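Kindly produce the complete structure, drawing on both the sequences and the hints.
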Amino acid sequence: MSRLLSEDVLNDYIQPSQVCIKPTEIVKGQPSTPAAEKNEQFGEVEIQVGKEEESVGLDKVSITLDDCLACSGCITSSEEIILEKQSYQVFLNDYKESLSADSQKSGVELMISISPQCRLSLSEYYQIKNVMKFDIALMRFLSDKESVFENHCKYVVSTQVGRNIVIEETNKRLFTNNELSMNKSKLPQLSAVCPGVVMYIEKTHPKLVDYFLDIKSPVSITGNLVKAVRKDSMSFICNNDGNVQPKTYHLSIMPCFDKKLEAVKTGKDIECVITPKEFVNMLVDLNIDFTKYIPLENSKDELMHEYKLLAKKFNPFDSIDPLMSWEINEGSSSGGFAYQYILYQYEKNKELHGQNLQIEVVNGKNSDMREYRLVIKESNVFNDQMNKTQSTQYQILHRSSEVYGFRNIQNVIRKYEEKLNPKDSKLTKKKRGLVLRKNRKQENSLGEKTSGTEVSNAATVANSNPPCDPLNTEFIEIMACPGGCINGGGLVVPSADQNNGGNAKRKTQQISQLNEMYHSQIPVTKVQQHLGADFESQHSVDFKYTFANLENATKSAETLHVAPDPSASLFSAW
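Position 196 of the sequence shown, counted from 1, bears residue number 196 in UniProt numbering, the numbering being contiguous throughout.
Incorrect hints may appear among the rest.
[Claimed, not checked] Just the calculated beta-carbon pair ranges, DEER-fashion:
| no. | residue 1 | residue 2 | range |
| --- | --- | --- | --- |
| 1 | 186 | 85 | 36 to 46 angstroms |
| 2 | 397 | 286 | 53 to 63 angstroms |
| 3 | 471 | 395 | 14 to 24 angstroms |
| 4 | 378 | 407 | 15 to 25 angstroms |
| 5 | 387 | 366 | 28 to 38 angstroms |
| 6 | 378 | 291 | 50 to 60 angstroms |
Note that these hints are calculated values from the structure, not bench results. Quantities reported herein were computed from a predicted structural model and do not represent experimental measurements. C-beta: ideal position from N, C-alpha, C; glycine also.
Written as structure tokens, this is what we have:
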């Protein structure tokens, strides 16, 4: 798990709350004992310590790293709400009450957003080899008058418009912070788009909360943007029971269960979150055959024509290209925030440095760590003895990184705390020396193995090039799931057959396949083309309406930023 293990750091046990969300199951008829008492108020089980002699033979509790980011110690305050209010059954009940035929009288409109990872996962599940065909099938289903939605779904979008805004605001914030602070020892800031990471750090390492960029996730921005654009959508109405309901009901299909946290925030950007697994189960329960909506083997021109018509029909932004929501930006399949920041800095510096300016990718010790660097290489000289081209000067201007998975998150957090509390570090100088010597030995061994490898000029690494180190970057794109959002726990895993082996092997194959589909099948566009000066002038109605309100502190807190109050939960305003 870590390069540094000692008796001081071996205990990585996270202290749970009084009530664990993964308790030992008690067989019916078993007498209630002090060691395991049921909390009747919450329907949960309290596990008490020090009562072993009184307990009966209970099954052993099995908790893995997959459970850590969603354990009782992380989301105790939200778990009960999530279980009760975030499911497709709740959505269907809300739909029948507020979004049925009576919605024409009440004015409630249904909006559905879906992330690109979910589009890919469901496309694979329904054996649709083209993501565009899945998008068409989804919009056909939602526009079918005979379906459960009865043609009452008003807007259907993917989350790229919201992601564009998050990327632009992230880049501006990092650029401003970098200009204001010339302190090179400053610790990097963290993305706050993954609720699992935020809640884990908030509960177990509250001192690090200040390092989060207080910018909401793409799906939250998407929901808030649509509601803001629809002029009267922020007003509220009362249904027949007297309960307050928003005029735009936002159902979002997201890749992981942690995303349900965003639907219980006070901002009401999202009313309900379901995963692809729940989407499939919902259609099964409703006896809906989704495959009948899949387009036949039409020509690309015919598919694109229907794609544009459907995207335009469900587009909530009158002055924005309907296909914009269904595109992606360059970078990782988790959003590409780290890469986009370096690309942003490249655009800022290319006039000054010209062709000497390059973007380098440095992989970490595992596939879930990666660093992007903006570097200057002023000249290249061919070394006859080594038979390769070398850079005569190597200077790093900016750095950002990707850190995925709980193992890497733990290591990064430990390094944060060592930087913040050097005097309180439990590691002695002797242990530090042992680690440094071990690291040097490993690096020397690695250098011997790769010394004969040919490298292209664009990727030539000088001797002064340091290894991947997220703590020395300016920004970390941090995600809870190993592999990032493309490996979300709510995505549909292919069923077992003779070719794909066990569950772990299927998951690995799925991550690789979905990543390949993500970068090859979904159109890629530059963020600057959408949110630059040309975009503002071309789409002044939608763009200016939203961001004019962002200048106001009240609207800013509602539309883009999380609550700045450090005493409040980071998700209290989400």
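Original post:
How does the Cβ-Cβ distance of residue 378 and residue 291 compare with 50 to 60 angstroms: does it lie in that range?
Top reply: 58 angstroms, holds
Original post:
Is the hinted range of 53 to 63 angstroms satisfied by the C-beta distance from residue 397 to residue 286?
Top reply: Distance hint for residue 397, residue 286 holds at roughly 54 angstroms.
**OP:** Given the hint of 36 to 46 angstroms, check if residue 186 and residue 85 actually sit that far apart at their C-beta atoms.
**Re:** 40 angstroms, holds
**OP:** Could you check the hint for me, namely that residue 378 and residue 407 are 15 to 25 angstroms apart, CB to CB?
**Re:** 38 angstroms, violated
Subject >> Whether the CB-CB distance between residue 471 and residue 395 falls inside 14 to 24 angstroms >> reply: 20 angstroms, holds
Original post:
Using the C-beta atoms of residue 387 and residue 366, is the stated range 28 to 38 angstroms upheld?
Top reply: 31 angstroms, holds
In this structure, the one hint that does not hold is number 4.
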